[in-house]
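Participant: Protein chains in written order, with the working numbering: chain D, 1 to 153; chain B, 1 to 111.
Hints were generated in silico from the structure; no laboratory data involved.
Incorrect hints may have been included.
Claimed, not checked - Here are some of the chain B residues that sit facing chain D, going by a computed Cβ distance under 8 Å:
1. G94
2. W97
3. L102
4. I107
5. F110
Said to hold, decoys possible - Covered stretches of chain B (in silico footprint by chain D; criterion: 3 or more residues with CB under 8 Å from a CB of chain D, positions within the stretch not fixed):
6. 13–25
7. 33–46
8. 55–65
9. 68–78
As the list claims (entries may be wrong) - Straight-line alpha carbon distances no greater than 20 Å define the calculated SDA-like cross-link-like pairs of lysine to any residue that follow:
10. B/K111 x D/S57
11. D/K110 x D/R122
12. B/K111 x D/E59
These figures come from a predicted structure and were not determined experimentally.
Glycine residues also receive a C-beta, built at the ideal position from the N, C-alpha and C atoms.
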Amino acid sequence: MEKKKRYYPNFPGVLGWIYGGNLNFERVLFLLHRITGLALIFYLFAHIIVVGFRAYSPEMWEMVMGRISGHVNPVILFFEWLLVLAVIFHMFNGMRLIFLELGFFVGKPKRPIYPYTTSIDRQRIFTWIMMILASIFVIWSIFAFFMGGGSHA
Amino acid sequence: MREGRLWLLHLIAGFIMFFLLGSHIFFMHMAGGEPLSVEETFARAKNIAFPLMYTIFVAAALYHGLYGLRGILFERFHTPFSQKVINWLLSFVGIVWFLYALATTWIPFFK
């Protein structure tokens, strides 16, 4: 019996996220969605642990927040803002993916008559709308973080 | 069919997160103001809507995130054994983190 291979023979690996296929707009969004998603899930683990200190040991919470809060360290504030950027992008791009995977904004099916059109062309307007909405929130976050006091919880 | 249901749950969790994570980021990180003391955060958690919302939020976030991570790992490790290990490992991690977060969320409410 033939032994199943441990990985696909043409598996491009993590670098294939970048070079596999056409590096078009959607591919860049795919790449950013993955990177931000991975960053957020690992941050979530750390965030849950740190917030837990507040319930289990308030003294430890005060001590930790005295060191790693964005209020006491501008470098941390900058990284907090980067995290909010990742959240905003992941949220709006994720909403775009949900709508597209459920078949919205891709147009009605057409017969493949030359010159062919792809659904990419039809969904790109929606993609731009979502990215513009995300950009508005990014601009807002700059004001909130660096001109209006930033985080408080 | 099972995979289809898990994927749909991933979408539903993502849709819920759009609103819950959006409000979390807005109220906790973009509304401004001075940092709250531990007592103030405990007082805030006395309203049952607060721990209830965060229970749903954490469950959705952990499921959505770990399912996404599972998809990425499955691209690399695709033998039935390795996928089984990944499933068990991520389920274990998700349940442990969820229980920890659950206690964190509800302790201030009952204190």
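Participant: Evaluate each hint against the coordinates.
Facilitator: Structure-based check of all given hints:
1. G94: With a closest approach of 10 Å, the B/G94 hint is violated.
2. W97: The hint holds - B/W97 has a Cβ within 8 Å of chain D, the shortest such distance being about 6 Å.
3. L102: violated, 10 Å
4. I107: holds, 4 Å
5. F110: violated, 10 Å
6. 13–25: holds (count 7)
7. 33–46: holds (count 6)
8. 55–65: Holds: 4 residues of the segment 55–65 of chain B have a Cβ under 8 Å from chain D.
9. 68–78: With 7 residues in contact (Cβ-Cβ under 8 Å with chain D), the coverage given for the segment 68–78 of chain B holds.
10. B/K111 x D/S57: With Cα atoms ~13 Å apart, B/K111 and D/S57 stay inside 20 Å; holds.
11. D/K110 x D/R122: holds, 12 Å
12. B/K111 x D/E59: Roughly 16 Å between the alpha carbons, so the hint for B/K111 and D/E59 holds.
Against the hints set out earlier in the document, violations occur for numbers 1, 3, 5.
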